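Based on the hints, put chains B and C in the right spot on chain A.
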Amino acid sequence: MRLAAVVALAIAVTACAPSATTRAAQDKVTLSVWGWGPEANYDKMFAEYEKLNPGIDVDARSFTTSTEYDTILSTGLAGDSGPDLAWLRAGPQLQPLVEAGRLLPLDAEDVPGLADFDAGVLRAATGDKDGKVYGVPFAVQTLQVVYNKKIFAAHGLTPPKTYDEMIAAAGKLKAGGVVPFAFGGKDDWMLPIVASIFGTAQWGGDEFIAAVKAKEKKFADPRFVAGIDQLNKLKPYFPENVAGVSYTDAQILFSSGKAAMFPGGLWELNFFTENAKDIELGVFTPPAPEGQGLMPGFTDGSYGVNVKTRHKAEALKFAAWLASKDYGRLYTDTVRTFSAVPGVTPKDPLLGEVATTFDQHGAAYFMNEFAYGNPSSAAVFSKALQEMLLGRITAGEAAQRLDQSVSTWL
Amino acid sequence: MALGARRGSSYLFLIPALLLYSAFVVYPLFTGLTYSFFSWKGTLRDGFAGVDNYAGLLSGTFLDQLLPALGHNFLLFAGTMLVQNTLGLAFAVALSRVRRGKRALQTMFALPYLVNPLVIGYLWTLLLSPTFGPVNSLLKPLGLAMPWLGDPQTALPTVIVITTWQWVGFPMLLFSAALSGIPPEYGEAARTDGAGSWQVFWRITLPLLKPAMATVTILSFIGSMGTFALVYALGGSNGAPAGATDVLGLLFYRTAFASGDVNALGTSSALAVFMFTFIFGSTLLLERVLRRKA
Amino acid sequence: MRALAVKILLWGYAAFSMAPLLVMVLSSLRPTSEIFDQPLGRPTGFGNYVKAWTDASFSTYVVNSAVVVVCAVLLGAGVSLLAAYPLGRREFRGRSMFAAYFISGMTLPAHLGVLPLFYLLESMGLVDSLTGLVLIYAAGSVPFNVFVLTAFFRQLPHELDEAAALDGAGPFATFWHVMLPLVRPALATVVVFQFVPIWNDFFYPLVLMRDESKLTLPVGLTHFFGQFQNDWGTLFAGLVMTTIPLVVLFVLATRQIVAGLTAGMNR
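Residue numbers (numbering that gives the first Met the number 0), protein chains in the order written: chain A, 0 to 409; chain B, 0 to 293; chain C, 0 to 266.
In isolation and in its complexed conformation, chain A is listed as follows (with noise of 0.2 Å):
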């Protein structure tokens, strides 16, 4: 045993130390790019780059846990060894890496390209305090409901333009043994999404967020509660026991067949394409009472240059080019969502029926603007959803629970 211990720990020891590695190329700039999402994304479009610049090597590192990917990237970029480039999580969560000073601010004159991004769009990878840029916007997402067009022309059915329609429809494929809407309420998080693609309209979008902002008026507003009662209403139409129903459970009745529609962002197109090759996607904005629906969207994160990297020069080039239309329609192709980058138009068809709706109807996604304070007002509300659906608290309550949380930080 003892003899066993000690050539153990020799193992150990040698096998432990530190080998050293060899660079085959001395002459290759290599960038390090950290994100989360599907790998293999990453090397398709980054080889791109590659061909074009043949002295950069960009090494991509998807983290897929994307939880631990916070705690990853703040610990790295605070160290010697993190990467050059790193995705960004949008607005609130960026803010602790830009007042630690990890982030490298981006200039037009770096990064041409920024100059003709949305405001809205760079809003989300701005700091706060110093209203600069520290990030390429990524992409765009939009809150809609992806429905299964068999399902449909079996019962009969085509995407409701009323209320009332959405409503009957919704009883018929009930009736048929359907579950109408594929929706977990286990996730929380899923849920400020859900009620904001059935009552963004109902609240009146944006004109109404920024009079929230403008303290002028509450989330207690009738018609913010109405809107996120639209869960209530809808209860009967989500699969049973839905505040025990799990996100993955919910993508699981849709993509099985088992469900009609699926409320959530546009990242589940790619998802139902991957996971479900025989199910034909449609997607609708639902109408709400009072007429057209509005369709929620949001930016996704950025791309951020890390401020101790050693190839500041490249990796800003670098930086250029993802925020060049080549890369716009780059990404939109390859991972099948909207591009931040502005003029791009998507080559797939669904793709594009959603950016004409998000043009003419678009609106923010509201939960985004109120993440800040700690606990978040965005989780105090998820929480306070959750109970709502869970019938132990009104949509009224639920709605005071978000300003009392709001008038925190606001």
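It is worth saying that the hints were derived from the structure and are not from the lab. Owing to the predicted nature of the structure, the values given are computational and were not obtained by experimental measurement. We put the CB at the ideal spot given by N, CA and C, even for glycine. Incorrect hints may appear among the rest.
The calculated lysine to any residue pairs, modelled on SDA-like cross-linking and capped at a C-alpha distance of 25 Å, are [to be verified]: (1) K50(C) <-> R60(A); (2) K311(A) <-> G124(C); (3) K307(A) <-> G124(C); (4) K307(A) <-> P115(C); (5) K43(A) <-> W52(C); (6) K139(B) <-> E33(C); (7) K209(B) <-> Q105(B).
Rough simulated footprint, nothing fancy, chain B against chain A, three-plus residues with beta-carbon under 8 Å [stated by the list, open to error]: (8) 95–102; (9) 164–175; (10) 185–195; (11) 230–243; (12) 363–375; (13) 381–388; (14) 400–409.
Just chains B and C, lined up with the frame of chain A:
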């Protein structure tokens, strides 16, 4: 041998563990605790903050989370003692009398402990899923289908059952090891005096197991107070549904890593100081009470 | 009659204990679409395993995991055993203070120290090195190990030391020849129970490792989760594959660690 030299050698035994543990556990954790006295800009230390971070803990919105979380930790501890450790003791005693299949049973009881907590969370969420879960599809004909983890009423008891499922092998092995240290003559002597097996258990075995019970109780207390991985895997960082499974570990995780607050490091460190004072203090107290020589 | 009841109870619980794991194994042998139609059913084939094995490249990570875990467990158990002996058996000034000092490490959220720990390892050049992981894990296992082992040392009969002292044995000889053989069951417990959480941890490798060739198995698992979250069949196949090494080790361990330590150290 001189008494002084003997005493000195005690410290020699301690040195390797002290060095390793102080450098890689105590130093980082202690430094983390000092963070609570500063205000933070992300990972950058800003100014001295005095007790501001602690005052933040006592603010309404925060306290509304802290107290229920603490309550859930206590319920978990009670559940663990009542269900998991009682079963562990029962199994250890029963197994000490079983001849055939003892090792197979021991292995089967302890096997769930081997599975990654992440996987356990995933597996049980699937098993108990109200839409696709086999548990409910088996119970439905009996009219016993339940939302389990989806209903605030049943969520915490379900967590206790899953914890027991995962951990019962631990008290079982500890009690088994302690039982094997009891000379069989003790029981035989009592039996020749006419004591029944229940009496032998109550009068002889149980008192001799007291030290092992103290160990199990203290470890269960620390485990229940610091629980994180399993509840996170089962109910996410907010302790779904509706905070019914929220515990201190989740609250710390949310405050430190998931809030997006610029001063998250300050607030979360203050919370950690509170947790440390409370858990460590209670542990020392428990230790003193349980290890008191009768 | 009562013996029969006990037997039924034991085997009944064993069934409860094993059922979720069996569902996992069973599901890994069925196509995903069938699992959704019918949660329980007959296995059909090994297709999922082929897919999981080719997609997840677990083999690269297994060696790293094994090296890290073995080193960390040996180091952690070794130093703890030494420390637990005086804490459990001997009188000396500051004993209860040292015992409390060791327990204190268990009562804090481990993630609290991640930033200072990161800086510490960076100053030692141990970021992106398996040695760093070994040291963290070994040190992290000290509180639990010391606590359990101290309790066991304390339980041993008092006459042992007295007899050893009468024979003229010094503290090291007493420790090695008298005490060590007796705490083997506890040592086995400690080794087994520390092996598992270290084998399963993915937090530290994620935060500390840069080079992908140095990642450990659980990190591979987290990638796998993201990739196949809706393909239950493949997911289960992957989960079964990552759990099997532990099961094999455990089955061997309950036999071998106890038996091996007993035989090996008794020479």
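To see whether the hints hold, each was checked on the structure:
1. K50(C) <-> R60(A): holds (22 Å)
2. K311(A) <-> G124(C): Distance of about 24 Å is within 25 Å: holds.
3. K307(A) <-> G124(C): holds (18 Å)
4. K307(A) <-> P115(C): At roughly 19 Å apart (the allowed maximum being 25 Å), P115(C) and K307(A) satisfy the hint.
5. K43(A) <-> W52(C): holds (23 Å)
6. K139(B) <-> E33(C): Distance ~19 Å between K139(B) and E33(C) Cα, so the pair holds.
7. K209(B) <-> Q105(B): At roughly 22 Å apart (the allowed maximum being 25 Å), Q105(B) and K209(B) satisfy the hint.
8. 95–102: With 7 residues closer than 8 Å to chain B, the region 95–102 of chain A meets the three-residue bar; holds.
9. 164–175: violated (count 0)
10. 185–195: holds (count 3)
11. 230–243: holds (count 5)
12. 363–375: Result for this restraint: holds, n = 6.
13. 381–388: holds (count 4)
14. 400–409: Per the Cβ count (3), the hint holds.
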